[in-house]
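Visitor: Please build the complete structure, drawing on both the sequences and the hints.
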Amino acid sequence: MSAEDIDVEKAVREPLTGKDTDGPAKVQFVTSTTGDGKNGEVNIVTATKPRRSGLSKEELMKYANDPFWVRLRMIFFILFWIIWFGMLIGAIVIIIVVPKCPPSSKLKWYQKTSIYEVDVKSLADGVLGNFGYIGKLAMESIVLNSFYGNSFTELKSEVGSDSEFKSFVDKAGNKGKKVILAFDFRYTIKNHTWLQKQFSGNSGFADYYLYTDNETVFSKNDQWTKHEESGKYYFAPLIDGKIDRDFATLNFENKEVVEEVKNVIQFWKKERKVNGFELLNADDLLPDSLFPNNTKRNVEIISKLRTHLYTKVDVSGKTGFFVDVSNRNEIAEFVGEPDSKIADLIVTDFFTAINANSKAKDVKKVMNDHYESLPKWPSAAGSRYGPWLGCRMSKRGKAIEETVGVDMVNSAYMMFYLMPNCTVMLTAGDELSEEEKKTSGNSTYYDHYNSTKVELVRKLGRIRRQHIDSILMGSIKFPLEDDDVLTLVRFYPGLDGFLLIVNFANEDKTVKLDTNDYLPDKGSLILTSKEIEPEKQDINLKEDISIGAKESKLVQFTPLITE
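If you use UniProt numbering, the sequence shown corresponds to residues 1 to 563, in order.
Only true hints are included.
Taking lysine to aspartate or glutamate and the DMTMM-like style, the derived pairs with C-alpha atoms no more than 25 Å apart in a straight line are: (1) LYS364 <-> ASP482; (2) LYS171 <-> GLU154; (3) LYS341 <-> ASP369.
Hints were generated in silico from the structure; no laboratory data involved.
Since the structure is predicted, the reported quantities are computational estimates derived from the model, not experimental observations.
Guide: This is the structure:
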């Protein structure tokens, strides 16, 4: 207790001997009786407070044997165990009755998304101002092609400025969309500073490009191109199947080139905050014509780039790393293992094998052959169908109408959106007819908000997103064997499923589905290739089903299988 805490005036006035108070004296004087000449002692007495004590043993025993307390204890004992067993039974019921977490809960964003690929002309006049249109298509991610200039880290002047790009990425993020950059790292322009330094004798760039000074090679391979200033030959790449001598092919056998690409990835991720990368023509980083059996080496290069991304640039692993493989026969080589993937998405255009002459059996064969060609991963790795794919609707530079024919375009979309284990990838303009494209440049595709095909893509995108477990992760069945009519079923136990019926014939058809244990008696018609919003009607799935020539019907149902 400090001096400040003492009431000095009160302490002075307080009696100490008990004369003027009814309480005990705080100070007692004791007279000495020893005769030793001492005057005596002064005792300061501190009053003790009475202690509280519990019941004695005898009192406790009295209550312990009292009938009332015996009954009360027994009631509490029984009530405790009733509550305990009730909680146990309740927990078991919850585990059994409550639906399990859907399989899609384990999927990454790039597996659940739909991707819109844009060949950029102007960010300000094109993509930047048209998020509304892209959102209407139910597209959640955007891939930018042809956006960089002479260097991999600079924008084309006609695309926009750095500040415009940053604004674009920020706006995309605010609207819940991901931005992915597509690079073709195989080549640069022929007047790139790296090539100039290599051919001028700069030792630091000695092997950045594939080159030779042997004139005899020119006659053996047309891709060798003479560099007039130095007299040496660089290797011109194949771009869209044609030799383009304005570009020179990089040498990925040189570790320094691989490091340069790592720096490019790091720049766009850390400095520009993009969400993913797509590496185009990844199976041709080392050209086939110069490096026979180059697949293994290309895979090693890609693997190093992905490892760098996830160990040095983005350790969270949230950045998408997509690999475009142009040769379908090499897709399996670029997959890797569940715990050591080469890429997050293997981008493929296998669906474009379906053409105007395809019949039901051909479509079924394309699908079965493709999925059978992929490695079989355990279900714990993410899907019953193996590695995840990025599936393109059309080939680059070729409209879907040219591939499947005008009559079957909408049916092709309906089949495409029901593909399992597949991230949908549309090229800007796929959703338009050829007539609409003729009246539009790339930057004005967005004027066609009310296009019938835009509405179809929008509805299919929403169905796919709302029923992601059944469509992306569910079973795939073909309940009818017919050359002209394809029947495709997608469902996940306990969740709504979908039956697609496609008539490839030029005449009306009537079909009856084979007996199965998953289709119920009835389903609801929700979409046809001729009507985006058909009149609501139930379809009897056990009876004959009529379908018009070149028509498709999508039926929603509740599967009989619940586990």
